[in-house]
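With our numbering, letter number 143 in the sequence shown gets 143, and the count goes up by one each step, no holes.
Read the hints as simulated data drawn from the structure, not as lab findings.
Misleading hints may appear alongside valid ones.
Here are the simulated SDA-like cross-link-like pairs (lysine to any residue), alpha carbons at most 25 Å apart as the crow flies [as the list claims (entries may be wrong)]:
| # | residue 1 | residue 2 |
| --- | --- | --- |
| 1 | Lys161 | Asp146 |
| 2 | Lys126 | Ser159 |
| 3 | Lys161 | Asp11 |
| 4 | Lys14 | Asp45 |
| 5 | Lys161 | His77 |
| 6 | Lys14 | Ser38 |
| 7 | Lys161 | Asn27 |
| 8 | Lys14 | Asn37 |
| 9 | Lys126 | Pro73 |
| 10 | Lys161 | Ser28 |
| 11 | Lys10 | Met160 |
| 12 | Lys1 | Asn49 |
| 13 | Lys10 | Ala39 |
| 14 | Lys126 | Asp162 |
| 15 | Lys10 | Ser51 |
| 16 | Lys10 | Asp162 |
| 17 | Lys14 | Gly46 |
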Amino acid sequence: KVTGVLYADKDGNKQVQKARIVCVAGNSIESPRLLLNSASSLFKDGMANSSGQVGRNYTRHASQQIYATFDQPVNAHRGIQASAIMRSEARHDPSRGFAGGYHLEIFDVNFPFTALSVVPGAWGRKVSNLIEQFDHMVAVWTCGEDLPQADARVTLDNSMKDQYGLPI
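All chains should be modelled from the sequences, with the hints used to inform the complete structure.
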């Protein structure tokens with residue numbers, strides 16, 4: 001049972017927010033970090049970790065985007081979101097010698113997503129030259145993923161601390 005949450009505000013001052021229900025949703029790295037850092041006399045390995053599973057079975061997506069431009073407008077931003085999807089390799093088939101698979105999709109090159117991802121981290125003329133060809137673009141997206149494994153995990157590094165002195 002909870003009565004609230006104790007947290008540090010932007011200035012490092014401790015604050016209490018009363019609550020009857022608390023949901024932890026800090027992403028795949030920060031949620032386990034928060035729970036593992038909550039170790040106390042009541043929770044020797046951190047809250048919700050009596051099974052030792054907090055931080056285990058970490059998975060990620062290996063994702064690539066490929067953009068192509070054509071001489072004539074293709075207007076891929078019009079119409080349906082995913083005009084072609086290949087999932088035949090996404091099934092689990094041990095006879096292939098590996099587990100899992102991948103997903104291949106020709107997708108809608110919507111403007112905000114394209115502007116952010118056509119040259120990741122870039123800005124200025126390098127991006128704007130490509131964005132000016134927006135109606136001539138088609139994109140392909142692939143997505144593979146890890147399988148959950150107990151040793152693929154998020155743990156605390158007690159040798160490194162954040163600005164509040166908590167292990168990262």
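Now the hints, each set against the structure:
no.: 1; hint: Lys161 <-> Asp146; in the structure: 29 Å, violated
no.: 2; hint: Lys126 <-> Ser159; in the structure: 40 Å, violated
no.: 3; hint: Lys161 <-> Asp11; in the structure: 17 Å, holds
no.: 4; hint: Lys14 <-> Asp45; in the structure: 23 Å, holds
no.: 5; hint: Lys161 <-> His77; in the structure: 45 Å, violated
no.: 6; hint: Lys14 <-> Ser38; in the structure: 15 Å, holds
no.: 7; hint: Lys161 <-> Asn27; in the structure: 19 Å, holds
no.: 8; hint: Lys14 <-> Asn37; in the structure: 16 Å, holds
no.: 9; hint: Lys126 <-> Pro73; in the structure: 20 Å, holds
no.: 10; hint: Lys161 <-> Ser28; in the structure: 19 Å, holds
no.: 11; hint: Lys10 <-> Met160; in the structure: 20 Å, holds
no.: 12; hint: Lys1 <-> Asn49; in the structure: 16 Å, holds
no.: 13; hint: Lys10 <-> Ala39; in the structure: 23 Å, holds
no.: 14; hint: Lys126 <-> Asp162; in the structure: 36 Å, violated
no.: 15; hint: Lys10 <-> Ser51; in the structure: 33 Å, violated
no.: 16; hint: Lys10 <-> Asp162; in the structure: 13 Å, holds
no.: 17; hint: Lys14 <-> Gly46; in the structure: 20 Å, holds
Against the hints set out earlier in the document, violations occur for numbers 1, 2, 5, 14, 15.
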